[in-house]
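Q: Residue strings, one per chain:
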Amino acid sequence: MAEKKVFFKSLKDLPKEDFFVQGHRACPGCGETIAVRLIMKAVGPNCIVITPTGCLEVVSSPYPYTSWAVPWYHVAFENAAAVASGVEAGLKALMRKGKLEKKRIHVIAIAGDGGTADIGLQALSGALERGHDFLYVCLDNEAYMNTGIQRSGSTPYGAWTTTSAVGKIMPGKLQWKKNVPAIAAAHDIPYVATACPAYPLDLVNKAKKAVEIDGPAYLHVLTPCVPGWRIPSNLSIKIARLAVQTGIFPLYEVEDGRLHVTVKVPKRKHVKEYLKLQGRFAHLTDGEIEKIQKRVDMESEKLGLGPRET
Amino acid sequence: MAKRIAIECSHAISLAAKLANVDVVAAYPITPQTHIVEKLSEYVADGELDAEYINVESEHSAMSACIGASAVGARVFTATAGQGLALMHEMLFIAAGNRLPIVMAVANRSLSPNLNIWGDQSDMMASKDCGWIQIYAENAQEVFDFTLQAFKIAEDERVMLPVAINFDGFYVTHVIEPIIALDQEEVKKFLPPRKIPSYALHPDHPTTWGPIGLPDVQTELKRQLEEALRNSKTVIKEVWKEFGDMFGRYYDFFEPYRLEDAEIAILMMGGHCGTARIAVDRLREKGEKVGLIKLRLFRPFPDEELIKLTKNLKVLAIVDKAFSPGGLGGPVFTEVKALFYNQKIKPEIVGFIAGLGGRDIRVDEFMVAVERAKKALMGEKIDKGFMFLQVRE
Ligand SMILES: Cc1ncc(C[n+]2csc(CCOP(=O)(O)OP(=O)(O)O)c2C)c(N)n1
Ligand SMILES: [Mg+2]
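The listed protein sequences correspond, in order, to chains A and B. Residues 3 to 312 in my numbering are what the first sequence spells out, letter by letter. Residues 342 to 734 in my numbering are what the second sequence spells out, letter by letter.
Please note that the accuracy of each hint is not assured.
Listed next, with one range per pair, are the computed distances between beta-carbon atoms [said to hold, decoys possible]: (1) B/563 / A/103: 28 to 38 Å; (2) A/288 / B/545: 51 to 61 Å; (3) B/587 / A/133: 37 to 47 Å; (4) B/723 / A/150: 30 to 40 Å; (5) A/214 / B/391: 22 to 32 Å; (6) B/587 / A/214: 41 to 51 Å; (7) B/679 / A/237: 57 to 67 Å; (8) A/103 / B/682: 32 to 42 Å; (9) A/214 / B/679: 36 to 46 Å; (10) A/312 / B/557: 54 to 64 Å; (11) A/18 / B/526: 52 to 62 Å; (12) A/308 / B/566: 30 to 40 Å.
Simulated from the structure, these hints should not be mistaken for lab results. Beta carbons are placed, not taken as given, at the ideal position from N, Cα and C, and that holds for glycine.
For reference, chain B alone in the conformation it holds in the complex:
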């Protein structure tokens, strides 16, 4: 029976991986991911999880080992953060291109320099084009549920793609929260063992994987990946619905908050949505028609769904915890701007970069962002459409 427990978010993901009965864990420690893999090591040491735990010598090898294990048909889990994800970068594309259903937790961490172990989303965003399904979680319950769902989504024959579950370093990873934890029987019903594909590496049916591809095939291969990622939206919806029907917790690509009559909405991903909700409440008390859209799915990007959801909005204030130096703003901001460019009716879209390297985004700062976004509607535009919210000048 499902049980209400208090658990650190990091351990919630380890628990989910254990309940998913993963066959192989290959991971390398990096703050703020360490608690995830330490807990898994304990599970294996106590005989609670029957898995091969590969203590690789780097994150590059972690993902390489995951790739090898997944190619023989094993259910595979890993976790990393920041520099570790950057070191994996090359392998991320291969995991996706070879259509391997690896599940990875990313305890989002800033990229060096300076050496900074704290949270922002610049790690995953630097690898956003790697072809993985990318989900962002806000709390322990989401982290737990998303991980279990991730295996089911990844291993679906219509998908066969790796999934990254992102959650903010420290602000989410290290927080103890109550969750409804499923038990082994419940998980078994929802998530059967991985079916070993007929083309898995095995001497009984030799296959050649990862050949050299000349220019005459590369376009088609990349296009297939694009299609697989797009189509995965359907499966994600199905799996989330099935999960909801079984356990009562339903998920969608977005979690709107006080959006019904809103004219302005904050749009963002991850742990700071909690603070943003408080800012929304404060502004509502002052009579402002403000809401929040929490975005859960970054890849595949829920394009039509976002257009539908925002059709009554006048202003979208997008808060990114990552950006592209010399570029056109934060990743969610540029994505959404591109999405709306060809739309006849569109909200004013204003970008804010905040929360870098673990800097908290306070309630009053969210309120400042909303005020500033409102001004853009009155014609007081921000140069390039985006700004840093918290710079000490």
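Extracted from the complex, chain A is given alone in its bound form:
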């Protein structure tokens, strides 16, 4: 059994200092930047961050400004894991050959769901299989937000996006969400986890644990998007919490192949509670909502989450 290590007992244990700093241009209530700020506090300054193209890159680096107090590199959209592989290998070779002082430098890729589940999946799979010592974080806002809310493999069933339009005959996205954490876990890497900024302590402990582990680690973070989900900015954390409490986005860790749920949900709320707050689901019929509920029930059972609240 993997050791149960708690790095931060409360949020007060996090450093005051920020390594992802203010001044970035994200929307108020952006789940991505809230999550990144927390993750960066947890992992500290001794790292190199690679971010592919997407909202995070765009809001944090409008030349000549930067929100990154750590070394940071954006190369392209589909290759964060491959760039991270090169950074990790480069550091390793330079340190082994005595050209760079030996010390542990965390290599962290922080990507969107499009850059992870779709266009970047091959590079991610390659890097996980090769076993580079790095952390890959997927910020899952469930669509290509940077280019204007287009559907991704990670967009949930029924959601409206600009390329899964709701029309006279089409009801939004027709397919279920791709389970990327399961794909990552299928590589038999040492650590896979899901997290969300509504459970910040869970998030920072997972981030810290993930970077400390030798070898590849994968962290999948649900990050609500105010314009993309058609939600008010003051509700993004509440909605993230509901994603967990309904069982739609369970929080768990997979260590050495064993999955355990980190935030227990003894009584799951009905998915309606989550869906009804978001404009992207406004068109769903009761029948569609029940279809989603059934699916969540089935998935929750597999994970051993609690029964649904009645």
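The hints should help you fit chain B with the ligands onto chain A, whose structure is shown.
A: Just chain B with the ligands now, with coordinates in the frame of chain A:
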């Protein structure tokens, strides 16, 4: 001590990369490049080369990993060909724009369709605008020397650009030739380890790389790249001179052959220059005043130097192993035509497209090209100024 050895051209480049003591190799196999990366894998497995060998899952990732490794200060090598280079295309521009001194061997291969593993230069030419220094080699010795020189050129603080060493698939890659191989001590003297730049990615001095650039900065960024590439000519000359002074093999942007009193010259790059030389000899025997200009450097293009070199020529017969469908001819041909447009005195410039997808260009075909080019001088022009040399109609 330098030693005369027999070596496959592909292995000559692997040997050079080993002697350059590269820190990271990231590569994906594709014919006719495979022997290069297989040999490097053997070197690493035998402990002869202390490098991280990243078995990437694609060429796109190969170049991406090279970019990451180069950004932390590592000396980086990769090799590819044809479809692999096409898959890298997007990353090539980023390697150059981010000023990363990556060295890459390109075993030139035709682009699909049809699936064709054989040599022509359409792969590199489809990416010619990527901002890399682009050198074309004819034989194992050039391949070996150019690779060692490439690291020194690329890593020079006045340059900081990636370099592609091109050599024809099969016609050059798979040929065993004698070379004078340098030993480790000699290479060390010529090529010290890469100096890790102060702005390399490292937590001790955080830097932000690859930000989003708005319209107010893009022009300046691109202009800087243009300047860097232009200025690299000086450094290339310096490095080639230094190499010559140390080891006795001097290189220039061109290698002229029987050009002194020539009125017509074939101009081309790469492995087929050997055959072209034989054609020149045959035509000389018949009393024709013919020569050859082998072009080694395609980017930066040696413009003034070519004008100077060709000032006594009446006809330039340019043979390209690539072309732009619907365009104005092969890449070297269009480049040279553009170069001479504003010149008062200029030769007749005739273009030939040949050697596509591994089709050999025979001696008699070079002779036909020269004859045809001569006719253009007498007024018998070719429509658009260029033609396919070897089409079966
Ligand atoms: C090769 C390539 N294809 C498409 C794009 C356009 N593009 C840029 S960001 C992006 C979507 C990013 O979505 P995601 O990864 O989910 O990040 P988000 O913006 O939602 O945080 C797209 C499609 C690109 N930059 N490069
Ligand atoms: Mg997204």
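Q: Could you say whether the range 30 to 40 Å given as a hint is met by the Cβ separation of residue 723 of chain B and residue 150 of chain A?
A: 50 Å, violated
Q: Quick one: are residue 563 of chain B and residue 103 of chain A within 28 to 38 Å, going by C-beta?
A: Cβ of residue 563 of chain B to Cβ of residue 103 of chain A: about 36 Å, so the range 28 to 38 Å holds.
Q: Does 51 to 61 Å hold as the CB distance between residue 288 of chain A and residue 545 of chain B, or does it fail?
A: This hint holds: roughly 59 Å between Cβ atoms.
Q: Is the hinted range of 36 to 46 Å satisfied by the C-beta distance from residue 214 of chain A to residue 679 of chain B?
A: 58 Å, violated
Q: Holds or violated: 37 to 47 Å for the Cβ distance of residue 587 of chain B and residue 133 of chain A?
A: Given range 37 to 47 Å: holds, Cβ gap about 42 Å.
Q: Using the Cβ atoms, figure out if residue 587 of chain B sits within 41 to 51 Å of residue 214 of chain A.
A: Given about 49 Å between the Cβ atoms, the range holds.
Q: Quick check on a hinted range of 32 to 42 Å for residue 103 of chain A and residue 682 of chain B, using CB atoms only.
A: Taking Cβ atoms as reference, residue 103 of chain A and residue 682 of chain B lie about 55 Å apart, which means the hint is violated.
Q: Is the distance from the Cβ of residue 214 of chain A to the Cβ of residue 391 of chain B consistent with 22 to 32 Å?
A: Check passed, 27 Å falls within 22 to 32 Å.
Q: So does residue 312 of chain A sit 54 to 64 Å from residue 557 of chain B, Cβ to Cβ?
A: Hint holds: Cβ distance 59 Å, inside 54 to 64 Å.
Q: Does the Cβ distance between residue 679 of chain B and residue 237 of chain A fall inside 57 to 67 Å?
A: 60 Å, holds
Q: May I ask you to test the hint 30 to 40 Å on the CB atoms belonging to residue 308 of chain A and residue 566 of chain B?
A: 59 Å, violated
Q: Take a look at whether the Cβ-Cβ distance between residue 18 of chain A and residue 526 of chain B falls inside 52 to 62 Å.
A: Once the Cβ atoms are compared, 54 Å apart, the range 52 to 62 Å for residue 526 of chain B and residue 18 of chain A holds.
Hints 4, 8, 9 and 12 from the earlier list are contradicted by this structure; the remaining hints agree with it.
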